[in-house]
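**Q** So the sequence shown is numbered by this note's numbering: it starts at 652 and just counts up by one.
Hints listed in this document are in silico derivations from the structure and should not be mistaken for laboratory results. The reader is advised that the hints may include incorrect statements.
[What the hints assert, rightly or not] What follows is a list of derived Cβ distance ranges for each label pair:
| # | residue 1 | residue 2 | range |
| --- | --- | --- | --- |
| 1 | Ala653 | Thr674 | 28 to 34 Å |
| 2 | Pro678 | Ala653 | 38 to 44 Å |
| 3 | Thr674 | Arg654 | 26 to 32 Å |
| 4 | Thr674 | Asn652 | 30 to 36 Å |
| 5 | Ala653 | Leu675 | 31 to 37 Å |
| 6 | Ala677 | Phe656 | 28 to 34 Å |
| 7 | Ala676 | Phe656 | 26 to 32 Å |
| 8 | Pro678 | Arg654 | 36 to 42 Å |
| 9 | Asn652 | Pro678 | 40 to 46 Å |
| 10 | His655 | Leu675 | 38 to 44 Å |
| 11 | His655 | Ala676 | 38 to 44 Å |
[To be verified] Here are the simulated SDA-like pairs of lysine to any residue, each with C-alpha atoms no more than 25 Å apart in a straight line:
| # | residue 1 | residue 2 |
| --- | --- | --- |
| 12 | Lys670 | Glu659 |
| 13 | Lys670 | His655 |
| 14 | Lys670 | Trp660 |
| 15 | Lys670 | Tyr657 |
| 16 | Lys670 | Tyr658 |
| 17 | Lys670 | Phe656 |
Cβ coordinates follow ideal geometry from the N, Cα and C atoms, glycine included.
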Amino acid sequence: NARHFYYEWFFVITVLCRKLVVTLAAP
652 NARHFYYEWF FVITVLCRKL VVTLAAP
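Please build the complete structure, drawing on both the sequences and the hints.
**A** Below you can see the structure in the form of structure tokens.
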């Protein structure tokens, strides 16, 4: 199912971006 595949990737990218923002925000 392509929709499930894209949703899964969207979730993974969102989590990675969140970790990246937290890392950059840390002094």
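**Q** Take the C-beta atom of His655 and the C-beta atom of Ala676, compute their distance, and say whether it sits inside 38 to 44 Å.
**A** Given a distance of about 32 Å, which is not inside 38 to 44 Å, the answer is violated.
**Q** Does the Cβ-Cβ separation between Ala677 and Phe656 fall within 28 to 34 Å?
**A** holds, 32 Å
**Q** Decide if the proposed pair is consistent with the structure: Lys670 and Tyr658, CA atoms, cutoff 25 Å inclusive.
**A** Satisfied, since the Cα-Cα distance of roughly 19 Å is no more than 25 Å.
**Q** Within 40 to 46 Å or not, the Cβ separation of Asn652 and Pro678?
**A** Holds - the Cβ-Cβ distance for Asn652 and Pro678, about 43 Å, lies within 40 to 46 Å.
**Q** Holds or violated: Lys670 and Glu659, Cα atoms, limit 25 Å.
**A** holds, 17 Å
**Q** Assess, step by step, whether the Cα of Lys670 is no farther than 25 Å from the Cα of Trp660, and give holds or violated.
**A** holds, 15 Å
**Q** Could you tell me whether the CB distance from Thr674 to Asn652 stays inside 30 to 36 Å?
**A** holds, 33 Å
**Q** The hint says 28 to 34 Å between Ala653 and Thr674; measuring C-beta to C-beta, is that right?
**A** Check passed, 31 Å falls within 28 to 34 Å.
**Q** Would the pair Lys670 and His655 pass a check requiring their Cα atoms to be no farther apart than 25 Å?
**A** Status holds; Cα separation ~23 Å.
**Q** Hint says 26 to 32 Å; check whether the CB-CB distance for Thr674 and Arg654 agrees.
**A** Hint holds: Cβ distance 31 Å, inside 26 to 32 Å.
**Q** Ala676 and Phe656, beta-carbon distance inside 26 to 32 Å?
**A** At 31 Å between Cβs, range holds.
**Q** Confirm or reject the claim that His655 and Leu675 have a C-beta distance inside 38 to 44 Å.
**A** The hint (38 to 44 Å, Cβ to Cβ) is violated, given that His655 and Leu675 are roughly 31 Å apart.
Checked against the numbered hints given earlier, this structure breaks hints 10, 11; the rest are met.
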